[in-house]
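Protein chains in written order, with the working numbering: chain S, 1248 to 1382; chain L, 1248 to 1382; chain R, 1248 to 1382; chain V, 1248 to 1382; chain B, 1248 to 1382; chain Y, 1248 to 1382.
One thing to keep in mind: the hints can contain errors.
No copy labels: a pair is met if it fits in one copy or bridges any two.
[What the hints assert, rightly or not] Once the Cα atoms are required to be at most 27 angstroms apart in a straight line, the calculated BS3-like pairs of lysine-lysine come out as:
id: 1; residue 1: Lys-1301; residue 2: Lys-1370
id: 2; residue 1: Lys-1275; residue 2: Lys-1342
id: 3; residue 1: Lys-1275; residue 2: Lys-1306
id: 4; residue 1: Lys-1264; residue 2: Lys-1306
id: 5; residue 1: Lys-1264; residue 2: Lys-1375
id: 6; residue 1: Lys-1275; residue 2: Lys-1264
id: 7; residue 1: Lys-1306; residue 2: Lys-1342
id: 8; residue 1: Lys-1342; residue 2: Lys-1259
Treat the hints as calculated values from the structure; they're not laboratory data.
If you're wondering where the values come from, they're calculated on a predicted model, not measured in any experiment.
Number of protein chains: 6
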Amino acid sequence: MSTIPRPQNPEKNPRVKSVFEDIRATRKSDFINNLWHYLAFDPDLLESTWRDVKEIMTKRSHLDPITKELIYIAVSIANSCEYCIHSHTAAAKSKGMTEKQYAEFLSIVSLAGRTNHLLNGIKVPIDKEFNHESN
Amino acid sequence: MSTIPRPQNPEKNPRVKSVFEDIRATRKSDFINNLWHYLAFDPDLLESTWRDVKEIMTKRSHLDPITKELIYIAVSIANSCEYCIHSHTAAAKSKGMTEKQYAEFLSIVSLAGRTNHLLNGIKVPIDKEFNHESN
Amino acid sequence: MSTIPRPQNPEKNPRVKSVFEDIRATRKSDFINNLWHYLAFDPDLLESTWRDVKEIMTKRSHLDPITKELIYIAVSIANSCEYCIHSHTAAAKSKGMTEKQYAEFLSIVSLAGRTNHLLNGIKVPIDKEFNHESN
Amino acid sequence: MSTIPRPQNPEKNPRVKSVFEDIRATRKSDFINNLWHYLAFDPDLLESTWRDVKEIMTKRSHLDPITKELIYIAVSIANSCEYCIHSHTAAAKSKGMTEKQYAEFLSIVSLAGRTNHLLNGIKVPIDKEFNHESN
Amino acid sequence: MSTIPRPQNPEKNPRVKSVFEDIRATRKSDFINNLWHYLAFDPDLLESTWRDVKEIMTKRSHLDPITKELIYIAVSIANSCEYCIHSHTAAAKSKGMTEKQYAEFLSIVSLAGRTNHLLNGIKVPIDKEFNHESN
Amino acid sequence: MSTIPRPQNPEKNPRVKSVFEDIRATRKSDFINNLWHYLAFDPDLLESTWRDVKEIMTKRSHLDPITKELIYIAVSIANSCEYCIHSHTAAAKSKGMTEKQYAEFLSIVSLAGRTNHLLNGIKVPIDKEFNHESN
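In isolation and in its complexed conformation, chain S is listed as follows:
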């Protein structure tokens, strides 16, 4: 159940149509996932969200595509965003993530969840050696 209805025929709005066409062209696929359909209720929100997702996830190049998806999923797990977890896990698989990599990813995410709680509990002071100034 969503807080807003799924817009019907969103591409009747030319701004929405333009974004949808760019999504299809960028991804070389006709499939437009629900996120974009729902965001079509407000073209400003749709345009600014797609602009940044396209810019960051498809264009930049200092990290490889699977690593970028794994970082995205890691944050989404910690924030309990179910849609984000599913959409980016599917994206990671489509970009070639193996089952072994996924299992290792899950073990790192859950190890971090564990030590995050342990350290937030004890509040260990931060070592001065971690300071960038001392490097």
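Given chain S, work out where chains L, R, V, B and Y should sit, using these hints.
Structure of chains L, R, V, B and Y alone, referenced to chain S:
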């Protein structure tokens, strides 16, 4: 300020000494960061934490070392674990993370934070196409 | 699926009946949403929860009713409380929130989600100018 | 302690200088808070962050300025972003938030924190009446 | 650094004085921790917060005092509330929590942090056997 | 919907079979809940997760069994892990948690949620009296 005092001369306990020696040997460094000093108050907690950190972060091999650190930091940022953020950002730098990679990492983490909040707000239904069964 | 069953005929308990009647009178509506039905399993919990929701959300007056709901939803999104998101988004709509306001609200919530992650990642030091003492 | 050093003389970079000048002009103030100084380490990150903060927090107009800050702070509290809490609480005060409004805001945020935990614990099913389709 | 200044001579306000005297009497101690001093800026917030802390943490009786503090700390760790972690860890110690109990508590909290992330990542479907109806 | 399919006949793998037999023996029950079935996709992840759950939740002995489950649920509520909330609430009930204890537990968890948000909002400085060194 921590919830427990930093143990004095922790290596007088042979179980602690054994873990500390393994940390030094595994990392090829004499530096033992505060986390392990504080955990020395309970050798069970120290041993099981180090066992898993060593197993997951230093031994497995389906993801490269920098990617593993980035996944760790991503979870730690979302959980606001300041110690974890600093220790693993320092680790990522020492393993070769460039400034450009770090900036791109931060842009992905903050993009995920943004869409996590947007989608948790709207509660967009999950596309059936994301289902592994339909692959 | 809930962790406790929905109590049957909760108003047989006079303390529950009294709270339910106050909810109906305060809201000028016969509709009692599920939250209150489930809390009826423990009259103490029901009474103290309703007392504070009534006190804070319906009586105080330094912020307008829609603003109060938006603050409530913002926290609920960040905490991934699906029930709270739905009940208070419905409340905001019933109090007159427009679609444009909702879209702007979502853009602020997601911008905050983004900069929260960016700043928690970098741990920028807090400007002394923000200190109330210096105002 | 931050994960990156504060850039020295950031305005020697013309892209940074351009953003800083726009911040000063938009805010009608010479004060540039630390966030922007640190982001100057990566002009892409600086430009895209400022573009969206300016667009959403200073230009749009369906919610009043104090309400926008309160929404921002609410998310930041739930995400434990200390810098964000301080910078936007200072902004809300500078825009005229009274002490009574702030106390009421805090009571709403903490009430939401309370019911979020209560409902996430019980997992009360969502009332069909909250569905936008039934409105 | 706090968002509000610490009120000077808060007990000049009779409502604040009354709460402070009740705190001292309830706890059989002259020490009033900072939380109450700061909340004194708004007597409504002070009274309602103390009323509930007193009611829940000192009066009710189906769980023993140390267990109640451990539940409180567990939530506070997951929410990264540093003040709450420190104040309730100190309270648990003063009520007799041993070092062994604290170490075991930390191991449970961090185990939960680990499996929370693992299960939020995989989204394992909930067993029908967990349903209270089937008990 | 899960991110991985439920493995069919997982006990054909001898490592999985060994873990499942240990779960049955430890719990004196034939019921293996979904978590373990799904983790069977990666025997490393299955073995290490069960090893720690068994070690911490069934063997150690400084806290009573219901208290241990309550700590686990408290963290899981704050992290919005629905599966964990259901499985450990069911476990607490099976270990004898009464309805009154559960209601009191929920009131503590939600009180902590409330004060966590209040204190994270105000950022009250931590009392020096909480320091273990001063005890």
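Consistency of the hints with the structure:
1. Taking identical chains as interchangeable, the C-alpha atoms of Lys-1301 and Lys-1370 lie at most 27 angstroms apart only when they sit on different chains, with a minimum of 22 angstroms there against 38 angstroms within one chain.
2. For a Cα distance limit of 27 angstroms, the shortest separation of Lys-1275 from Lys-1342 inside one copy, 13 angstroms, qualifies, whereas the shortest one across copies, 35 angstroms, does not.
3. Only within a single protomer do Lys-1275 and Lys-1306 lie at most 27 angstroms apart by alpha-carbon distance; the minimum there is 14 angstroms, versus 35 angstroms between protomers.
4. Proximity of Lys-1264 and Lys-1306 under a CA criterion of 27 angstroms is satisfied in both settings, with 21 angstroms inside one chain copy and 25 angstroms between copies.
5. For the homomeric pair Lys-1264 and Lys-1375, the shortest alpha-carbon distance between copies (23 angstroms) is at most 27 angstroms, but the shortest distance inside one copy (53 angstroms) is not.
6. Taking the closest pair of Cα atoms, Lys-1275 and Lys-1264 come within 27 angstroms of each other only inside a single copy of the chain (16 angstroms); across copies the shortest separation is 38 angstroms, beyond that limit.
7. Taking CA atoms no more than 27 angstroms apart as the test, Lys-1306 paired with Lys-1342 passes in both settings, with 15 angstroms inside one copy and 25 angstroms between copies.
8. Taking identical chains as interchangeable, the C-alpha atoms of Lys-1342 and Lys-1259 are never at most 27 angstroms apart, the minima being 32 angstroms within one chain and 30 angstroms between chains.
Hint check: a violation occurs at hint 8 only; the rest are consistent with the structure.
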